[in-house]
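**Student:** Chains as they are written, first to last, in this note's numbering: chain A, 1 to 262; chain B, 1 to 252.
There may be inaccurate statements among the hints.
Said to hold, decoys possible - Derived Cβ-Cβ restraints for the label pairs, each shown as a range:
#1 A:67 / B:15: 55 to 65 Å
#2 B:66 / A:104: 36 to 46 Å
#3 B:7 / A:94: 54 to 64 Å
#4 B:134 / A:67: 31 to 41 Å
#5 A:100 / B:180: 55 to 65 Å
#6 B:108 / A:96: 40 to 50 Å
#7 A:92 / B:153: 48 to 58 Å
#8 A:189 / B:5: 46 to 56 Å
#9 B:180 / A:101: 57 to 67 Å
#10 B:110 / A:167: 41 to 51 Å
#11 B:44 / A:7: 22 to 32 Å
Stated by the list, open to error - Think about it this way: if two alpha-carbon atoms lie no more than 30 Å apart in a straight line, the pair counts; the simulated DSSO-like pairs of lysine-lysine are:
#12 A:92 / B:185
#13 B:15 / A:255
#14 A:168 / B:184
#15 A:168 / B:109
#16 A:168 / B:215
#17 B:32 / A:168
#18 A:255 / B:71
#19 A:255 / B:108
#20 B:244 / B:78
#21 A:255 / B:129
#22 B:71 / A:92
#23 B:244 / A:255
#24 B:32 / A:149
#25 B:129 / B:109
#26 B:129 / A:168
Unchecked claim - Calculated from the model, a selection of chain A residues having no Cβ within reach of chain B, i.e. all distances over 10 Å:
#27 174
#28 178
#29 223
#30 228
In short, the hints are calculated from the structure, not lab data. No experiment lies behind these values; they were computed from the predicted model shown. Every residue gets a Cβ at the ideal spot worked out from N, C-alpha and C, and that includes glycine.
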Amino acid sequence: MNIKNKEALRNRGLEAISLLTVIAMWQLIADLLVKNKLFLPSFVDVVLSFLNVIKNGALYTDISVSLLHFLIGMILAFIIGLPIGIIMGWFKGANHIFDPIIEILRPIPPLAWIPFAIIWFGLTHQSAGFVVFIGAVFPIIINTYTGFKSVSVVYVEAAKVLGCMRNKNLIRYVALPSALPSIAAGVRIAMGVGWMCLVAAEMFGVSNNGLGYKIWWHYHLHQMDFVLVYMLLLGFLGLVIDRVFRHYVDDRLLKWREGVVM
Amino acid sequence: MGRLTVTNVSRTFKKEDGAPIGALDDVTLEIKDKEFVCFIGPSGCGKTTLLRIIAGLDTPTSGEILLDGTKISVPDAKRGMVFQEYSLFPWRTVIDNIAFGLLMQGTKKKKAIKIAEKYLEFVGLEQFKNSFPYELSGGMRQRVAIARALATEPQVLLMDEPFGALDAQTRNTLQHELLEIWGKKNVTILFVTHSMDEAVFLADRIVVMSARPGKIKEIIDVDLPRPRDRTAPESNALRNHVLKLLAEERER
Ligand SMILES: Nc1ncnc2c1ncn2[C@@H]1O[C@H](COP(=O)(O)OP(=O)(O)OP(=O)(O)O)[C@@H](O)[C@H]1O
Ligand SMILES: [Mg+2]
């Protein structure tokens with residue numbers, strides 16, 4: 001216990017030292033070598049700009065707008081992608097119906113949809129959400145499909161012998177829980193892709209607010225320290241979302257998988 | 001009631017290249033209510049196939065099976081099954097696994113859990129009520145699987161080498177427990193095994209099957225009084241008899 005604590009403490013220490021070193025080097029390079037705020041804002045510049053966006057309240061609007069876009073896209077991707085993946089994976093032959101459509105649409109990079117997003121939805125939140133949706137829906141479909149395809153026959157047959165016969169019940173009580181690890185992995189991938197699409201969509205002016213939009217806006221004003229603030233925020237938020245999701249899923253939904261090599 | 005009539009059941013599978021392979025060939029057998037029948041035979045002789053057909057998970061190529069005069073076609077809770085592989089739902093706790101069949105029958109959750117608790121007690125695993133299957137040993141898992149199969153009160157219990165993966169000690173204990181349950185529950189048991197010792201210890205009758213395609217080679221009545229003594233000379237004689245029959249099959 002004590003030794004373990006010590007080790008943990010030492011590791012934390014190493015991490016802190018490493019981080020501080022990078023920050024110090026960054027500051028020195030910016031101050032002494034580059035000496036140009038446009039090319040490389042220093043750490044202090046960034047911190048000051050950060051305090052600035054907190055003070056004028058822009059940060060909260062931007063974060064909430066971006067999260068709104070993200071949520072619209074992710075929820076839509078989930079409620080459309082999950083059933084499609086389930087139908088493709090469970091009903092024999094159904095994948096022949098969906099496969100051609102998916103294989104045509106999937107290779108199109110999500111950002112290529114931006115013009116249509118603007119034509120269809122205008123410069124709205126829905127428009128940004130749509131681009132996120134396009135990026136997120138395919139990983140969810142495909143992972144749900146694979147998860148359902150790899151449901152062990154033994155579980156399905158055990159359920160049948162116990163009187164669980166109808167497709168609806170077999171899906172709900174056997175296939176879905178069994179495929180959950182794969183679906184959860186799909187949602188995580190989808191969130192990563194969706195986050196990227198979100199930034200790009202906002203940059204293209206699909207919306208008039210949000211973290212991605214602000215990067216572009218400050219770039220036009222040549223305020224690269226602000227650009228960097230928003231970059232770091234995007235990275236940090238993406239990390240937090242992923243962590244929270246994983247924590248929730250592992251703790252609540254996949255408790256039964258403890259002891260399985262991930 | 002759990003009287004099974006197996007008439008002229010054959011099952012052929014098609015290989016990848018379309019060539020047929022016979023798994024069961026013209027199996028005819030009558031199993032009385034509350035009888036304990038063991039099936040023994042070389043690997044691949046169709047024991048699992050026969051059990052699956054009786055469960056309703058597979059359909060025979062020809063022939064039919066009646067349970068108390070009614071033809072079997074689809075699975076239902078009248079025939080419980082314990083599989084050769086571990087088949088507990090890993091995402092459900094022990095108690096939820098046992099209650100599953102009851103819930104599927106529409107029993108209210110509270111009542112289902114109550115009944116499940118009774119069966120959990122039956123197999124002596126009360127303190128693992130809220131554990132997940134990964135937390136159990138192999139023997140415990142099979143105990144839970146048996147409890148799960150019994151909870152819906154099936155008339156016939158199909159057991160496919162349920163103790164095959166267990167060590168001899170655990171195996172003996174579970175055999176005793178199974179006989180105890182069988183005595184209390186009045187259920188017909190069809191039990192597949194590779195072990196003549198197990199067959200001689202458990203069965204009223206032993207069905208010895210021949211190698212592919214599976215046929216019934218001989219049906220042996222085990223008229224030994226229970227509780228049986230594994231080391232009694234009569235037991236030994238029976239074991240040797242079964243051993244001889246199986247050796248003949250291996251030579252073919
Ligand atoms: N779904 C299937 N498709 C094709 N062939 C099958 C299928 N299921 C079983 N068989 C074949 O039928 C034969 C009997 O198989 P079965 O599983 O019933 O044997 P078994 O007696 O249970 O063997 P073991 O003792 O090894 O469990 C085997 O030759 C097997 O290859
Ligand atoms: Mg088998």
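**Student:** Within a Cα-Cα threshold of 30 Å, do residue 32 (chain B) and residue 168 (chain A) meet the stated pairing?
**Tutor:** violated, 36 Å
**Student:** Is 31 to 41 Å respected by the C-beta to C-beta distance linking residue 134 (chain B) and residue 67 (chain A)?
**Tutor:** The hinted range 31 to 41 Å holds for residue 134 (chain B) and residue 67 (chain A), with Cβ atoms some 36 Å apart.
**Student:** Kindly confirm whether 40 to 50 Å is satisfied by the beta carbon distance between residue 108 (chain B) and residue 96 (chain A).
**Tutor:** holds, 41 Å
**Student:** Residue 129 (chain B) and residue 168 (chain A): Cα distance at most 30 Å?
**Tutor:** holds, 28 Å
**Student:** With the threshold set at 30 Å, check whether the alpha-carbon distance from residue 255 (chain A) to residue 108 (chain B) stays at or below it.
**Tutor:** holds, 25 Å
**Student:** Assess, step by step, whether the Cα of residue 129 (chain B) is no farther than 30 Å from the Cα of residue 109 (chain B), and give holds or violated.
**Tutor:** holds, 15 Å
**Student:** Are residue 66 (chain B) and residue 104 (chain A) spaced within 36 to 46 Å by their CB atoms?
**Tutor:** Given a distance of about 53 Å, which is not inside 36 to 46 Å, the answer is violated.
**Student:** Need the status of pair residue 71 (chain B), residue 92 (chain A): alpha-carbon distance at most 30 Å?
**Tutor:** holds, 28 Å
**Student:** Take a quick look at residue 223 (chain A) and tell me if its Cβ sits farther than 10 Å from every Cβ on chain B, holds or violated.
**Tutor:** Answer for residue 223 (chain A): holds, closest chain B Cβ roughly 51 Å.
**Student:** Check whether the Cα positions of residue 255 (chain A) and residue 129 (chain B) lie no farther apart than 30 Å.
**Tutor:** Holds: residue 255 (chain A) and residue 129 (chain B) sit about 16 Å apart, inside 30 Å.
**Student:** Going by Cβ atoms, does residue 228 (chain A) stay more than 10 Å from chain B at every point?
**Tutor:** holds, 45 Å
**Student:** Just to be sure I understand the hint, the distance between the Cβ atoms of residue 92 (chain A) and residue 153 (chain B) should be within 48 to 58 Å; is that true here?
**Tutor:** Between residue 92 (chain A) and residue 153 (chain B), where Cβ atoms are some 34 Å apart, the hint is violated.
The structure fails to meet hints 2, 3, 7, 10, 11, 12, 13, 14, 16, 17, 18, 20, 23, 24, 27, 28 from the earlier list, while all remaining hints are met.
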